[in-house]
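Each chain, written out:
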Amino acid sequence: MTPKDNPKDSESSPEESKQSRRGLGRREFVKLVGGTGVALTAEVLGEKLGSAATPMQGAVVSGKVFGPGPVPIILHVNKQTRKLTIEPRVTLLDALRNHLDLTGAKKVCDRGACGTCTVIINGKAVYACNVLAIELADHDGKPGADILTIEGLAPEGKLHPISASFLDNDAQQCGFCTPGFVLACKTFLDKHRDPTVEQVKEALGGNLCRCGTYMRTRRAAVEAAMKMKGGHA
Amino acid sequence: MADYRWPPAGKRALIGQRISRLDGPWKSSGRAKYTYDVNRPGMLHGKMVLSPYAHAKVVSIDTSAAEAMPGVKAVEIMTGPGKEVLWAGHEIVAIAAETEEQARDAARRVQIRYEQLPHLVSDVEPGKAGEHIKQFNEQADGDADQALQQADVVSEGEYGASVIVHCCPEAHGQLAEWDGDNLTLYVSTQNLSGIPAEMAQAKVVDSADQVRVLMPVMGGGFGSKFAADTWGAACARLAKKSGRPVKMMLERDQELMVAGARPSMYAKVRLGAKRDGTLVGWSSESWGTSGPDASGGAPNLPYVVRIPDRRVRHTAVLTNIGPARPWRAPLNPQMCLITMAAVEDLASKMGMDPLEMLLKNLQLTGPLAKTYQEELEKAAQLMDWRKKWHPRGDKTPGPIRRGLGVSIHTWGGGGHPSNCNCIIRPDGSVEVSLASQDLGTGTRTVIGIVAAETCGLPLEAVKVNIGDTKYPPDGASGGSSTVGGVSSSTRRATTKALNQLFEKVAPSLAVTSDDLEAVGGQIRVKSNPSNAIPWKQACAKLGTTPITALGQRQPGNDDLLSSGVGGAQMAEVSVDVETGIVHVNRLVAVQDCGLIIDLKTAESQVYGACTMGISYSLFEEKIMDEQTGRCLNADMEFYKLAGIGDFGEIMVHIMTGPGYDERGVIGLGEPPVISPGAAISNAVANAIGVRVPTLPLTPAKVLAALEKGGAA
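Residue numbers (this note's numbering), protein chains in the order written: chain A, 121 to 353; chain B, 4 to 715.
Extracted from the complex, chain B is given alone in its bound form:
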């Protein structure tokens, strides 16, 4: 049985170092070819006609005028007469023409008649939503009523976060090209290996093996790009009808209207504590919308701190706001905000430092209590919390009030199923291949590091192949599951291949293969390192036959990976109480994620998550017009993303070393994006003396909270 274990700390040449991403040079020189950038000979451009109504029935479609327009080569009905549309921006017709401009002109000539139906586009309280609700079953442990009755202090509050969108830089979309019955798709996707089956299910092809999917790089997904979607199938059909390759990417307004939204969540909370700060009872009534169905699911409240006596009810408000999609750490940022804001409000009511209240209640977090303790202490040190923190309401004269906020979070991040094929060739080259994808997280680089480390070679000596379904199938990149999956399968494949090489080499070094190791570009005898043979010479002993080996990460073989991380964050804000403008001066993020493969890209993940967190805390909201049922800010002027100058600094500290490394690899994409909303909201409350109940913390909401709180 091969020994796949990760090398111990002293024996890691590459793992855990700060290494630049392998595809970085293509990206920063503009040479990286994203799906949107692929131009094929004879290619047509596709455009879609969208429903202007939030709720309607399609009565009739007349495409004859559109078909007669210059350059038009194919038309595809996506939502036919009699079908119902449940949100504005729903795709009705797709058109392929010689140029983008011609396709757009033709799209305007399509005549569609609708029967308009009543719509609801605001995520109102369930009581005001009439029959547009779905109540989830109540969850209860212990006796929340009694616990709250017996508590020394009870705090009540209402908290929440609006619907936000993914706003991927590279819009959703694809290029479809047929060769006979075989379809090649260039798709911007988080789930390369899942696309062929989806095309078969959509009856675009008879069987999945007719489809090849290519995607060397992709321009952001954040949870919204697991499927090829209706436009993927429509694009393939346009290509079939026209006999030409067709590229159809979503326009920006469509991208923001329909291609991804994070459900809203609001809650009325009662939280109790004993006089010493021990949390004792929780009850919450929560609601939110994930569009026309309840697919967003119900929150599991309270978050992280598992208060033994709790009662939780959730209601989904069914709206025509557009479809929800998983957004980086689905539900967690909302649950975190609701819980941590309630804890902060309660601490404030008791005159207690919220950091001390969290530390006091860490036993409620379960097995990660020690991790949280270490992380909170580290964060407090980086923030200088104990010196800077003041009770709620900064009394400094003048309009600028400063405050601190804290939050903790958790995530799983266990690896998904993964298959890696490793080839070692007689010329010494090493290739690892997986039909995985790099969302910008550094997946390609992590795979390369693992393979190179295993073979004792420099990173440049290994070729990494991903982004093509001709390689062994891999999991979808979601829920921080990729790094655990691909590092595990790559380690296994490469170790297996290397062991085969050891067997070929062992006789020439007069030892058995078990006595060999690959280090520093050599294969050498463990007990006598000077007895060695350079890598290339060793591979030459293969003659003309390369070695291949498949490594699999399957559920059960968990020796290289783990799941379940903590994480603590602290925010320091300045609030101008005259204008209501919130500025994040500093966000401190302390994060564990087991064994780090590439510290540089890992830190980038945390920086990025914190930046996204600042963005959704202060600026982002999908704003709907109740009258027309349409999104008012389906663009990037009024759907606000944080810019480079919109915050002070972010400090990242990743927990490594004993106690963390030996857990194996754990994913990192989700956890650090969870706490910023809570930490920033708490910091604002600490600064201005009143709670701004919902995100984003816009100037108008800050001023309204000040007015209501009597502090303005």
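Isolated chain A (complex conformation):
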């Protein structure tokens, strides 16, 4: 292992990448809505507690209030500019699935626990259920985030080397969690060209699989890294 490939010396260790995935989602989300006093958190809590109706709320982005009704936004998804009109409370996951028909990111836990909705935002793996779509949109003349979903990883009919490695190693059974794993794997391998199995176990720890493909997934990740370097598995 070269020093460059040592996760401790690289820009983002597996531990950090797990942290940042949660950071961009949960922590900043709570900070944002908590700091500005918008009742989104209360709404989530209210629903879980089965309380009486909670009115729709708007969202605050960079100090401006949007909503609560649908607002037009522009997202940059898979190198395409996509216009949509959504309520500010719509998560990125629901925007992708319900408004853009990009259903590769799956909804399972819907609260940042399982990783099945993983997408790549500005190069980082992020739980799409834990971030509002409007937060990533064009705003005040500034371009929004660069969003990559599994559909943008390779053209239709072609397999990205990571997807191909998941296929070859049968690192998928029902396959529902697979797109999330593939994208989490991509952000990891972008920074770790020579991963060990131990590093893979750490880096993909934010994704859950119910069918139990982990033994296969570990190998798929390591083999994909070798193939992408032009080596042989």
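Worth double-checking, as some hints may not be accurate.
[Claimed, not checked] BS3-like mimics (lysine-lysine), calculated; alpha carbons at most 30 Å apart, straight line: (1) A/Lys278 - B/Lys539; (2) B/Lys86 - A/Lys278; (3) A/Lys199 - B/Lys36; (4) B/Lys466 - A/Lys278; (5) B/Lys603 - A/Lys349; (6) A/Lys278 - B/Lys36.
[Unchecked claim] To list a few chain A residues with every Cβ distance to chain B over 12 Å, as calculated: (7) Val180; (8) Gly183; (9) Gln200; (10) Lys203; (11) Lys262; (12) Ala265; (13) Val320.
Rather than coming from a laboratory, the hints here were simulated on the basis of the structure. Each residue gets a CB set at the ideal place from its N, CA and C atoms; glycine is no exception.
Chain A is fixed; fit chain B onto it per the hints.
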């Protein structure tokens, strides 16, 4: 009479190879469209209102405020006033609105009044459950009391496993779309062909033939998705009322509360042996809950080792914990744990290696004794058991204690009824169609391999159609019954179609059709392989008329399949006696399942089962709050599934070759998920010197057992 037999070992081109799954590219590229992913023009989103109470009577429902909410298009009462709900999360009202968010808002506006009734949500011993019990008839063979009295050594213990849930990644649910009186349902189901009749029974349609069910891929079932359920019928009614397609998938909390649970099982066991280790007597008092009824059934104890003198009593504790559903190998993991833990405890008491005790008693396993012997020896070799095993209680200094555990299991896995239609067209294309489903087990791929092997073609040359009720009806995918069913019907259909093709081709090769075989993309003369015609040219002789043939797997035509497998597993664990944390370093799984069609997906089944096994052994438990009667961990933060880093390694070995292949095809989904709990529990006992009585083996339980055992 056509010869359907599987080709012998030397003549298999595809069967038994490691072949990647056919739908793998769709899945790993995110293009596979699951039920949850289907979006139809004009589609509405459905949400349900659930009972917050574990036991209550619905007094009144007022949906007027909900109906006035923006975007709401239809409301359906699922459980009306006067009806009783028996668990928290029971569905009361369903609402369809333009967006998910609007449907959720409206659901909160529904006013429901309940009359709360007393509930019981803990699976306490029957003596503490008052009248909330159902006693099963005692089962007895021989004289257990006398056998235990005469035994040289008797071990007593209490063992069990908590209620766990299925937690399917793709929630239960469906999309319903009407065209006049005809209903199209996209359902996430293990039982595609059974859904139309269910819709007719629910009076959603007048007759089953009005319903078409579609499901190309599905996101996990594990035994919990045999029915379209009340929400299937409600969704169809919402679609009818609104005149729009409606998609209604369960939210995660509902999925974990009501859409599948494995019954708990606990037992107090007495087990006796002669001085040489021969098991001689068993008595057990067991109990457990499968929710408000006794649908979970009674265990048949002891498991695998049929001790001649036994007495077994079981009591179902009737609770408001939620409904049970079959969970991969129903009852077997629990029975296996109870039996194998008792055997291990007894071996430990006698200072005997439990592997030797199992080997000593294999005659009690019946016809699979030789299989178990081979599998245990293979597992011992992979685990290096005889070198690593030590008597109970690792004496190594420091907090980390290592230990080994062993278990054996069994399952049926005979094929279900199945119908396959095979078409061979003049252009050479081959299509096989069944209204079956692929749960992620590899069913689609297995069907393709069988058809391609039969026609002597590469896998890519065959088109496999499943997941649509317009194809011939097929069985539900449960109990490891699918692979035997679909491989059998596909082999028959394809062989029949091929024989018709042989008849067309035979004259041009100047032989009779019996003299032909399809190998390597050609149809050729068996006795003179150079006398051959390429597949496409052969099919061109059909003119304009394709060949079709139906193949059926019916009870009785058993020549291609069998049932009854063994399986042995060994676990090696490290336990930190200061924190109570258990780590599975290695799980070895040796499994037979007759003739393997696709070794790659078969091995994946075993890896997956072992992973699920580690998960339920260490982490999973449906935790109920006695005060409110609600599930406290109906989410994925606190309902813990094993992650990729939560264990060391799993080693899989599948028994193939002479003695196994000629049995024909046997299902594999269930058996390897049975033993992990027992093997891991036994390994923990071997490591720390005391038994942690129940699964999951949480740190708190490990520490409590150490304290009680005086070893902490």
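These are the hints, each one checked on the structure:
{"no.": "1", "hint": "A/Lys278 - B/Lys539", "verdict": "28 Å, holds"}
{"no.": "2", "hint": "B/Lys86 - A/Lys278", "verdict": "54 Å, violated"}
{"no.": "3", "hint": "A/Lys199 - B/Lys36", "verdict": "22 Å, holds"}
{"no.": "4", "hint": "B/Lys466 - A/Lys278", "verdict": "20 Å, holds"}
{"no.": "5", "hint": "B/Lys603 - A/Lys349", "verdict": "26 Å, holds"}
{"no.": "6", "hint": "A/Lys278 - B/Lys36", "verdict": "17 Å, holds"}
{"no.": "7", "hint": "Val180", "verdict": "18 Å, holds"}
{"no.": "8", "hint": "Gly183", "verdict": "24 Å, holds"}
{"no.": "9", "hint": "Gln200", "verdict": "16 Å, holds"}
{"no.": "10", "hint": "Lys203", "verdict": "17 Å, holds"}
{"no.": "11", "hint": "Lys262", "verdict": "27 Å, holds"}
{"no.": "12", "hint": "Ala265", "verdict": "19 Å, holds"}
{"no.": "13", "hint": "Val320", "verdict": "7 Å, violated"}
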